[in-house]
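There are 2 protein chains.
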Amino acid sequence: MKPLESVRVIDLTQILSGPYATQILADLGAEVIKVEPLWGDKARQNGPMVDNRSTYFASLNRGKQSLAVDLKNSAGKAIVERLVEKADVLVENFRPGVLTNLGLGYEHLKRQNPRLIYAACSGFGWGNPDSARPALDVVIQAMAGSMSLTGTPNGDPIKVGFSVGDIGAGLYLALGIMGALELRHQTGHGTRVDISMLESQVAFLENAYARYFATGEVPGPLGSRHAVMAPFQAFAAQDGYVVVAVSTNAHWQAFCGVLDLPQLVNDDTLTTAQGRIEHRSRWEGMVAERMLSETAQYWLERLAENNIPAGPIYSVAEASRQPALASSDFFVNVDYGGVSFRVVGTPLHFDRERAVLEGDVPELGTQTEAVLKNLLGMDANAIHNLYDQGVVR
Amino acid sequence: MKPLESVRVIDLTQILSGPYATQILADLGAEVIKVEPLWGDKARQNGPMVDNRSTYFASLNRGKQSLAVDLKNSAGKAIVERLVEKADVLVENFRPGVLTNLGLGYEHLKRQNPRLIYAACSGFGWGNPDSARPALDVVIQAMAGSMSLTGTPNGDPIKVGFSVGDIGAGLYLALGIMGALELRHQTGHGTRVDISMLESQVAFLENAYARYFATGEVPGPLGSRHAVMAPFQAFAAQDGYVVVAVSTNAHWQAFCGVLDLPQLVNDDTLTTAQGRIEHRSRWEGMVAERMLSETAQYWLERLAENNIPAGPIYSVAEASRQPALASSDFFVNVDYGGVSFRVVGTPLHFDRERAVLEGDVPELGTQTEAVLKNLLGMDANAIHNLYDQGVVR
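Chains A and B supply the protein sequences, listed in that same order.
Throughout the first sequence, residue numbering follows our numbering, covering 1 to 393 in sequence.
Throughout the second sequence, residue numbering follows our numbering, covering 1 to 393 in sequence.
It is possible that some hints are incorrect.
Copies of one chain are not kept apart here, so a pair can be met inside one copy or by any two copies together.
Once the Cα atoms are required to be at most 30 Å apart in a straight line, the calculated DSSO-like pairs of lysine-lysine come out as [as the list claims (entries may be wrong)]: (1) Lys-86 / Lys-110; (2) Lys-86 / Lys-72; (3) Lys-2 / Lys-72; (4) Lys-2 / Lys-110; (5) Lys-86 / Lys-2; (6) Lys-110 / Lys-72.
These aren't lab readings, by the way, just hints derived from the structure by calculation.
Could you put together the complete structure from these sequences and hints?
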């Protein structure tokens, strides 16, 4: 049994934040019917392509169904209205107001189905001067302050090297939907869920904002360092980098022992993280010099023996081969139009079973006919007409 | 009505990943009873401190209750067992096996309460050679590949400037708990939820792994650039930076129009993102030069007029003042031991009301007596003895 196996989701989302959220819902067992425009989710064009199939799309759309519908056509709109009657959740990531202007706004749809959960994700949320502004990941990273914290002082702007602006919002969107499902158990009716990508990203930076509000000091980029813990950063060893994460005085003492630097153990100004941050010059150069004198493997073994959190900096290739990932069923192979893609599964485990759904990635419109026939009960003639008139694909 | 208002959570977590998850549950209306060691959650020591209260802790523990208990003492263990009988969820972020060794493992606790949801978050998950290995945020960022994607080619290692390794896991932990609550509606009994920080972080990098698996090419850091879209990056204007996110050919055409670079519009090799990535030298220098010739404000206005996603790179201070955040109730003031802290609220909205809980941040043990008395029904004598024997605080 899966948590959401009795939940049907009508998914109007494209690209990343929304599809990431509905991928989670699908992994939790929901039936996700992806309603795409006639030209498909834009992500189907995002490279790299393998036999004309998008890697980007494959990674986000496992086990969903695809129905291609023209939402600007009244017959197309009627299809969505009828789907909503049979659904638990509708998810969209248009800019605020777009669906309302199409005649498919929440106020209208909830009259069709009072149990409907209507979940919307947009760049800046509703009801503020930036609501209508378009946003993609890097814009959110820039405007939430994420880029101001990432990189080196006075260095060129650095983006977080993955789409945390979209994916963070996708996780909050999924959480909001789960919350609304829980509410519906109590009240019997649906609710509207709203998520702003900007707010979601700021929620990831919580500590930086709390520090700024408390002290008035504007946090800046710190390379690989941490703002309030030290040493909590990368050091170069003879043949590569090692990250070390010291969060207690006991670990600090042990760390100095591993490095054979007794003069640091005896330095009373360095027994707290705050002291080690204020007096970096008293230890950081010495530690860096010592780390350079041995191999990464040497340090990793000594640090592990002393239970000090530490690790190598892995590339994606190396990371994929590490024991904690390679031996599990975390990476899954999925079929997309006859091409097999290997993608990341879900970290969600229930009773030690991974929640992952190993369904195919749909081609555009693969389930159009089946959904119209089986879910909406249309006859062959009506379906034929919709195809003929270019309303569906 | 709040989604989780009938849900009671026994929260044994410390520092960040677990407290972030239970903050979300609290914001959704759950009663969160934070069971701390006698010396408190380590995060209470994380600076910056204001009147001896931790900003770090304040940001993560709004509206929770605090009960300080010695888990190594049998009377302390009995308190947790009895709490579990009255609870829906237990959350912990010890290393795998720690609670079992204390006699408080899942198999034992579920006999006390078959409806219990037991949710565990650890660095590397269970049942693999790294399970017992300690991990903090930067170790996870390093070993998941996040650091390998962030920064500049051949530059020093750069960490994502906020604790995405912890917070990503916290979000998956909250999602797993919500999933288990949904399951319990169907089955009537609880489940065990397991989350690995490493897997959660890799799930954020999904696209980088999918690309590597599809092409064999190991992705590296790209500064502010995107791996499969372009231009999707920062440019220096006369007086600051502007990020631009072009994801379609229409936006590319419009962007070239804004920059008054018709020769790029007419270059057929640049009509797709893949083409623009393969032939960066044909446009990137030209675009960068043009961007430098005007102010950031000038470009932001032109790009906005043309509906092209773009934005300034804000510091945390600037970000906090932008209209989409400043005019809302997103930032909240909370009291922690008489000190007022301003912190980030939740992005979750239901029916256009923010789900945020504006409760106090508890001092260590503030609710110890009340919980023992009201929830466990202990009399004054028994409670007095527990304090006397140093079992609670």
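Structure-based check of each hint:
1. Lys-86 / Lys-110: Within one copy only: 12 Å inside a chain, 37 Å across chains, cut-off 30 Å.
2. Lys-86 / Lys-72: within (21 Å within a copy, 53 Å between copies)
3. Lys-2 / Lys-72: neither (36 Å within a copy, 36 Å between copies)
4. Lys-2 / Lys-110: both (27 Å within a copy, 20 Å between copies)
5. Lys-86 / Lys-2: both (20 Å within a copy, 25 Å between copies)
6. Lys-110 / Lys-72: Intra 20 Å, inter 53 Å, cutoff 30 Å: intra-copy only.
In this structure, the one hint that does not hold is number 3.
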